[in-house]
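Starting from the structure of chain A, add chain B where the hints point.
From first to last, the protein sequence lines are chains A and B.
The numbers in UniProt numbering rise by one with no breaks, and the one at position 456 of the first sequence is 456.
The numbers in UniProt numbering rise by one with no breaks, and the one at position 71 of the second sequence is 71.
Keep in mind that a hint or two might mislead.
[What the hints assert, rightly or not] Computed footprint of chain A on chain B; a stretch qualifies when at least three of its residues, placed anywhere within it, have a C-beta under 8 Å from a C-beta of chain A:
(1) 530-541
(2) 642-651
[Claimed, not checked] Restraint ranges, calculated between C-beta atoms of paired labels, are given here:
(3) Asp328/A with Gly5/B: 16 to 24 Å
(4) Asp611/B with Ser584/A: 53 to 61 Å
(5) Gly546/B with Ala630/A: 54 to 62 Å
(6) Val141/B with Pro654/A: 48 to 56 Å
(7) Asp314/A with Asp261/B: 53 to 61 Å
(8) Phe278/A with Gly143/B: 52 to 60 Å
(9) Val141/B with His254/A: 54 to 62 Å
(10) Phe529/B with Asp314/A: 27 to 35 Å
(11) Gly658/B with Asp579/A: 47 to 55 Å
(12) Pro654/A with Ala542/B: 20 to 28 Å
(13) Pro566/B with Asp317/A: 15 to 23 Å
(14) Thr543/B with Arg477/A: 51 to 59 Å
(15) Thr543/B with Ala630/A: 33 to 41 Å
(16) Ala623/A with Thr320/B: 58 to 66 Å
Since the hints were made in silico from the structure, they are not lab data.
Please read all numbers here as calculations on a predicted model, not as lab measurements.
Every residue, glycine too, gets a C-beta built ideally from N, C-alpha and C.
There are 2 protein chains.
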Amino acid sequence: MPVVGSEVDPAWLPDEALHALGSRRVRVEGEGDLVDTVRGEVVHACGLYGGSVVEDDGPYDVLLRRQPQSGEAHGPEGFTLERAGGRVTVTAAAPAGLLHGYFHVVRLGRAAFTDAPPETHRPALALRMLNHWDNVAVHPVMGQVERGYAGGSLFWQDGRARGDLARVRAYARLLASCGVNALSVNNVNVHETEAHLLTDRVTEVAAIADALRPYGIRTHLAVSFAAPVVVGGLDTADPLDDGVRAWWREAAAHVYAHIPDFGGFLVKADSEGQPGPFAYGRTHADGANLLADALAPHGGTVHWRAFVYDHRQDWRDRTTDRARAAHDHFAPLDGRFRDNAVLQVKHGPIDFQVREPVSPVIGALPRTRVAVELQVTQEYTGQQRHVCALAPMWADVLRFRPEGEHGPTVGELTASGGLVAVSNVGDDPFWTGHPLAQFNLYAFGRLAWQPDADPDRLLTEWTESTFTPWATADPDRLRAGLRAVLRDSWTTYEKYTAPLGVGFMVQPGHHYGPSVDGYEYSPWGTYHFADRDGIGVDRSAATGTGYAAQYAKPWSQTYESPDTCPDELLLFFHHVPYDHVLHSGTTVIQHIYDTHFEGVEEAEAAQEVWDGLADLMPPARHARVAERYAEQVRSAREWRDQINSYFLRASGVPDAHGRRVF
Amino acid sequence: MPVVGSEVDPAWLPDEALHALGSRRVRVEGEGDLVDTVRGEVVHACGLYGGSVVEDDGPYDVLLRRQPQSGEAHGPEGFTLERAGGRVTVTAAAPAGLLHGYFHVVRLGRAAFTDAPPETHRPALALRMLNHWDNVAVHPVMGQVERGYAGGSLFWQDGRARGDLARVRAYARLLASCGVNALSVNNVNVHETEAHLLTDRVTEVAAIADALRPYGIRTHLAVSFAAPVVVGGLDTADPLDDGVRAWWREAAAHVYAHIPDFGGFLVKADSEGQPGPFAYGRTHADGANLLADALAPHGGTVHWRAFVYDHRQDWRDRTTDRARAAHDHFAPLDGRFRDNAVLQVKHGPIDFQVREPVSPVIGALPRTRVAVELQVTQEYTGQQRHVCALAPMWADVLRFRPEGEHGPTVGELTASGGLVAVSNVGDDPFWTGHPLAQFNLYAFGRLAWQPDADPDRLLTEWTESTFTPWATADPDRLRAGLRAVLRDSWTTYEKYTAPLGVGFMVQPGHHYGPSVDGYEYSPWGTYHFADRDGIGVDRSAATGTGYAAQYAKPWSQTYESPDTCPDELLLFFHHVPYDHVLHSGTTVIQHIYDTHFEGVEEAEAAQEVWDGLADLMPPARHARVAERYAEQVRSAREWRDQINSYFLRASGVPDAHGRRVF
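Next comes chain A alone, as it looks inside the complex (with noise of 0.2 Å):
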């Protein structure tokens, strides 16, 4: 049990979630580190809750055990959970999959004492890992934490890897309990100091990777495709160069000799500035396949971004569709990638707005291994200033069916890549600076164990287990208050900032707040074209950019007619006027105003929620949330004003309820 101070906030592992347990006669059996993890783990709970530890063949209440003869059954990280008699047996038949299971009876809390048919449970993808955006060396615009909205970094302090990496080990506990197992330590845009964490500083990721081992975390490193060149000495990094080869294989060995059980590489080449292969014209497969070759003898994966476009684009050319361009990419190199290259797709095809469509490479490309890339910080979604639970963002996601109804999942779709996220976290006593941002760290995990998990149900566990409300003195009112301030927040957020699927309207650079031209004359390809007759872009197959042909039917038909797309798309594929009526049976005009109206008062009415949650919860935590909140509705109001102001102006219609627009 890694111990880290009171002053750090337990999130979903307070002492008092381990009660339950704790407060019984629980016995470990079998071997392996993670089962020692687990052993720590029930010696620790029993000691606050007064249970004990059976060590010998005295009775018990829970039993926690490695079998590994059920290997078939639970793979490496499942379990079969039993609960008879109020007696608990889980068994695995390894380490990772007891200690999954251990953590399985602490989330179910009391309720693991109830008697249920047996379970077996193992995680829908193989890999749930987190990218963290953290500097080595604080950058001088991206800071410590590249996005990060919740202080420095955990790993890195002061140009080097901290000291004490206490609340890493915390922080690794944290993950294992929500499903996560794997982890890169560094900012995809690898910079120069970074670029040494491959060779001459890998001791550093080494003792990372010590820390969170012990919960079955295996550590990651994000690389520069010129690494060769800008940390070899090398003239080149051209994938098909012999020298180059040999040195990639070279700094693979280096790292394993250093982190045997060594996850593998995650690269964002030639993108935003990054190197890569197209400057000595290889593929992207080309690129990948080195890194993989490299890592292949010692069962590494690399992890290849699929966020490729043309970020100098110039705003004149209206040709040119940053949507497309994963696709354009990627698509054509169906088939040649290695088996452990995994290419790794952001979600929607430009970048984490708070509504795009399912990327359209998401199941294009059949013969490769696609992991879907998640955006846990908040980077477009409040910056955990803002209360924005994701969960059902995301759920949407990873049920959306590429090739319609009777199609995979994208959950499904992503069984052999994986689903990965850009944490949250940062050294901030609450680790992710708003507090109820934990809960998108949190679904994070747990979605990606099971794709289809129900947010709703998610929400529940996580209030279930952070607040306790059970040891309050008013457990429904906690409840219902944390229920209304999160369930919703999503679609709170959306309302009140940019409409109808059009994306971006933020501030440039920092991306906080409104400016509804701020990237509309910009060359990072995400315009509106707002005019006064109308707003959108025309990404139809017929007269736009043929981004809507990316897709497999039914899709490609529904989103090329702003007659059967979806309202909450409709400026994303279409250029409409002011008064275009959409399905809800309001004009755009109007649904404009509607939305900015309620989303702030949406956000005042869970402000108000919030405050009357003061005396059910510690204090320093309730304040801190109230102090987000009051950013919140200033924030929040900011946008409706600005943007009802923008599309007055613009319309010249006034808003049908004559309320104020500036």
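Relative to the frame of chain A, chain B by itself:
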């Protein structure tokens, strides 16, 4: 003669500029440090070109003599020039006068040796000061030099005063030669580090003052109004507090102990976050007088900036008008400032836009010494990547008559206060980044000496001094080329940027490049209110903010109505429909299109002219300007296309000439 190495551009004092004088017999008569400076200059010039320094009663061609008895005619800085029989005589009462006379002869070059009637020259303004917005410690956002576009600071490096001040001495020489006689060495935004220059770090300022003194430049210091608290350890900075008053008296005495000819303090108070007297319920007269009283025993002056406005304005509030702020704050205080307090007023009411009306503060405080502040550093006028010769704009300001044709000019109204400018100089080899931006620095000095000087004549002076066309293969081509690229460059820049005096439309923060709505929904008070019907700010008394009524007649009447308001200021004073017809006969929208196409064409033409001058100047200077032109033309096209697109989208009115608008 300071030696700074051949890599530093000589600006308008190349050796060739000394040829006429340096090839003759020169006699220097008189005593005083500045006379010694003149003597050193003459020794250097004669050493270069074979002239001689006449020490005995022998014949001479040039006599430079100090005659203290001629004080009444010359004052502390004037001189008389006599030219007869090929012999030149400069007579000055004071050493500074002799120095200015010497540089006048240098400026005349060979023409000095043609006969002409005697002339007496005296500066129209006693104070001709540059403000350096240089930070001692590099600011995380603003860098070493706030709004600096010419590299680092001449004065500060690595958090301290530079050890080698040769560049400072060379800078002092350049400044003296064009008439500057005062300089503040640190940013008006006084941060923590810089606050200590007043106290425990005054020796660093003294070292700089020692380097400036031989060329007659007095040193001033920007101070924090909160210095008694920040560095003094007092618990208040209340200007009426006896302890505070005593603290400032001691602080001033301390400075004068190290810098006997110290010029005084410069203060930005209650402005953009800087502390000021408002915090104590005191007026700005109270604040300025506090410092004036501390300086008075030593002959120092406080320059108190009038740049006080609400920088946290709500964009929704149309009743507040930033343009009104300085007049609202300061006009009621007339007569309440000490004799050694100078109110330093920006030339326009907002912030150094390419086109603003003259500030109504100038002329509104007849019993107060008022200095006008210009911005030589091109924050809003191309940041020394664009050619934008500002002398014509400044000349227009200085010739403006706030009370109409029978009243005094701005130049006359500021005789008691002086002309001040924010410097555009850094440690760049060309001093000002863009070599042609040297002209702005030169012209500022010359206009401060003679506010009614013809900017066209100043351009000739600078061209002749800097490029010494007579020494090149094709003097006429060089002269014509320089004139072509510089003379109308201000109006060229105006054409392709924000139209008709509306201002801003720049990218937030760094202020480079277009962003029509960049400040439209911001707290900075800089709006254009463009919508689908029209654009501009109604500042009339009848229907607007009332700003126009801050002017005396006839201007209050002229600006009040769109019928009489000059075209170039129309959108500053009035909100008009896009089809409003200008005095020029064209509509507002067509004017926007026309000027933006013209402005780019003019920039392209200038670039071509410049390309044709390569053989007539040092390659490095030509290359630097050519490199800047590439960026200017790129940026100008971006301005054109963004502005035109924005207004086409807003107005729906196509260009009458069918040119391409995106």
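Here is how each hint holds up against the structure:
1. 530-541: Since three or more residues must qualify, the claim that chain A covers the segment 530-541 of chain B holds, with 4 doing so at under 8 Å.
2. 642-651: Result for this restraint: holds, n = 7.
3. Asp328/A with Gly5/B: 16 to 24 Å: 54 Å, violated
4. Asp611/B with Ser584/A: 53 to 61 Å: 60 Å Cβ-Cβ, so the 53 to 61 Å window holds.
5. Gly546/B with Ala630/A: 54 to 62 Å: 35 Å, violated
6. Val141/B with Pro654/A: 48 to 56 Å: 40 Å, violated
7. Asp314/A with Asp261/B: 53 to 61 Å: 57 Å, holds
8. Phe278/A with Gly143/B: 52 to 60 Å: For Phe278/A and Gly143/B the Cβ distance comes to about 34 Å; the hint is violated.
9. Val141/B with His254/A: 54 to 62 Å: For Val141/B and His254/A the Cβ distance comes to about 40 Å; the hint is violated.
10. Phe529/B with Asp314/A: 27 to 35 Å: Check passed, 29 Å falls within 27 to 35 Å.
11. Gly658/B with Asp579/A: 47 to 55 Å: Distance hint for Gly658/B, Asp579/A is violated at roughly 29 Å.
12. Pro654/A with Ala542/B: 20 to 28 Å: 26 Å, holds
13. Pro566/B with Asp317/A: 15 to 23 Å: The hinted range 15 to 23 Å is violated for Pro566/B and Asp317/A, with Cβ atoms some 39 Å apart.
14. Thr543/B with Arg477/A: 51 to 59 Å: 54 Å, holds
15. Thr543/B with Ala630/A: 33 to 41 Å: Since the Cβ atoms of Thr543/B and Ala630/A sit about 37 Å apart, the hinted range of 33 to 41 Å holds.
16. Ala623/A with Thr320/B: 58 to 66 Å: At roughly 34 Å between Cβ atoms, Thr320/B and Ala623/A fall outside 58 to 66 Å, so the hint is violated.
Going through the hint list in order, the structure does not satisfy hints 3, 5, 6, 8, 9, 11, 13, 16.
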